[in-house]
Amino acid sequence: MNQGQKGLEEKVLRKNMCTACGACLGLCPYLKSREGKIIKLDDCDLSNGRCYAYCPRSRVDWEGLQKKIFDQDYKDINLGTVREVRMARAKEPIWKGKVQTGGVVSALIDFALREGIIHSAVLTQREKDLLPSGRIVSERDQILSCSGSGYISGPTLEALNQGSWQGEERIGVVGLPCQILALAKMKESDLPNKTPVERVVLTIGLFCTWALGYKPFKMFLEDRFGLQSIQKLDITPPPERLLKVWVGDQIEEIPLDEIRDFIRPACQVCPDMTSEFADLSVGTVEGVPDWNTVIVRTERGKDLLSAAVKKGIIETQDLPEENRRHLQEASRLKKQRALTALKNLGEPEEEGYLNLSADLKEKILEEKTA
Numbered sequence: 000m001n002q003g004q005k006g007l008e009e010k011v012l013r014k015n016m017c018t019a020c021g022a023c024l025g026l027c028p029y030l031k032s033r034e035g036k037i038i039k040l041d042d043c044d045l046s047n048g049r050c051y052a053y054c055p056r057s058r059v060d061w062e063g064l065q066k067k068i069f070d071q072d073y074k075d076i077n078l079g080t081v082r083e084v085r086m087a088r089a090k091e092p093i094w095k096g097k098v099q100t101g102g103v104v105s106a107l108i109d110f111a112l113r114e115g116i117i118h119s120a121v122l123t124q125r126e127k128d129l130l131p132s133g134r135i136v137s138e139r140d141q142i143l144s145c146s147g148s149g150y151i152s153g154p155t156l157e158a159l160n161q162g163s164w165q166g167e168e169r170i171g172v173v174g175l176p177c178q179i180l181a182l183a184k185m186k187e188s189d190l191p192n193k194t195p196v197e198r199v200v201l202t203i204g205l206f207c208t209w210a211l212g213y214k215p216f217k218m219f220l221e222d223r224f225g226l227q228s229i230q231k232l233d234i235t236p237p238p239e240r241l242l243k244v245w246v247g248d249q250i251e252e253i254p255l256d257e258i259r260d261f262i263r264p265a266c267q268v269c270p271d272m273t274s275e276f277a278d279l280s281v282g283t284v285e286g287v288p289d290w291n292t293v294i295v296r297t298e299r300g301k302d303l304l305s306a307a308v309k310k311g312i313i314e315t316q317d318l319p320e321e322n323r324r325h326l327q328e329a330s331r332l333k334k335q336r337a338l339t340a341l342k343n344l345g346e347p348e349e350e351g352y353l354n355l356s357a358d359l360k361e362k363i364l365e366e367k368t369a
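Note that numbering that gives the first Met the number 0 numbers the sequence shown so that position 341 is 340, with each residue one more than the last.
A few of these clues could be false.
[As the list claims (entries may be wrong)] In silico lysine-lysine, DSSO-like type, Cα no more than 27 Å apart, as pairs:
#1 Lys95 to Lys360
#2 Lys66 to Lys360
#3 Lys217 to Lys67
#4 Lys14 to Lys39
#5 Lys95 to Lys231
#6 Lys186 to Lys360
#7 Lys243 to Lys97
#8 Lys309 to Lys39
#9 Lys186 to Lys217
#10 Lys193 to Lys231
#11 Lys5 to Lys214
#12 Lys74 to Lys186
#13 Lys243 to Lys95
#14 Lys97 to Lys74
To be clear, the hints were calculated from the coordinates, so they are not data collected in a lab.
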């Protein structure tokens with residue numbers, strides 16, 4: 000099978016499996032992003048290309064990649080490689096009311112920049128019309144401009160590929176699970192002429208159950224609110240499960256069932272809720288406002304969190320056992336839904352993108368979490 004642009008077109012783009020992560024952009028002139036979709040401008044005859052190799056929806060050996068990245072077997076099938084799980088929040092007043100939930104991601108990136116742990120970071124910035132794009136930041140004001148969630152996937156990694164890097168930078172990246180997976184595939188690829196991923200020394204992954212397609216969601220919001228500017232979006236925790244929209248001087252609430260039709264098809268086959276290939280993974284704490292759940296996966300992530308706590312940037316507490324159990328259950332359910340969706344596609348397993356051992360599939364599909 001072709002593993003260049005033709006393979007990407009056949010296995011990903013035509014099947015609507017693209018996550019719009021941006022990993023394939025900025026590598027050649029034939030692929031561009033337009034209104035939340037990756038568009039092919041012309042044909043490319045390479046039989047092996049980075050566009051295919053880096054794509055999170057091209058063939059991936061999940062367990063083998065975990066082994067390469069973390070140098071250990073894939074033991075925790077609920078959350079992936081875990082050193083510890085904490086709840087945390089930013090302590091500095093500057094983040095209050097300006098960032099999502101506990102502000103841990105923004106505060107950690109800001110701390111890493113100020114301490115010289117990284118020189119720049121690749122974040123996602125959402126424009127007034129909610130269209131996301133990648134942005135390279137190095138200052139606090141730039142971080143604040145990228146704070147908050149938009150629930151729309153966008154080509155963040157394009158900024159990494161196209162950055163004016165000098166060759167000695169230490170780079171941090173914040174991304175969704177699909178983007179963090181693409182970075183892991185970049186790092187382990189055998190293809191020559193790698194992207195600046197070799198200089199990425201810190202990855203912070205976000206929890207994600209699904210992302211919305213840009214065009215249909217934008218049209219939905221315009222039908223409901225006209226051309227009023229959307230200041231902020233947030234999703235309330237169970238049992239409410241509402242999308243809160245800050246529009247004009249109002250806060251409107253929309254049941255999630257009204258926007259589920261806009262979920263990207265690629266999200267249905269994603270087994271990763273907690274960005275399992277990141278140094279640190281960050282999400283909300285269910286039922287505890289203004290606190291983040293933080294999964295520490297690597298020594299690098301542990302060192303950063305510990306240093307931020309020591310210097311009073313972040314405060315942490317033990318995550319209650321009930322919250323950890325709920326997190327494990329939610330992560331397992333996402334894996335189960337992904338396997339069911341892949342089976343329903345009717346594609347032979349040896350041709351599908353997700354390569355899992357029979358033993359791992361059996362463990363995932365067990366009814367109860369460990």
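A quick look at each hint next to the structure:
no. : hint             : verdict
1   : Lys95 to Lys360  : violated (42 Å)
2   : Lys66 to Lys360  : holds (17 Å)
3   : Lys217 to Lys67  : violated (39 Å)
4   : Lys14 to Lys39   : holds (14 Å)
5   : Lys95 to Lys231  : holds (15 Å)
6   : Lys186 to Lys360 : holds (26 Å)
7   : Lys243 to Lys97  : holds (16 Å)
8   : Lys309 to Lys39  : violated (49 Å)
9   : Lys186 to Lys217 : violated (34 Å)
10  : Lys193 to Lys231 : violated (36 Å)
11  : Lys5 to Lys214   : holds (25 Å)
12  : Lys74 to Lys186  : holds (22 Å)
13  : Lys243 to Lys95  : holds (18 Å)
14  : Lys97 to Lys74   : violated (37 Å)
Going through the hint list in order, the structure does not satisfy hints 1, 3, 8, 9, 10, 14.
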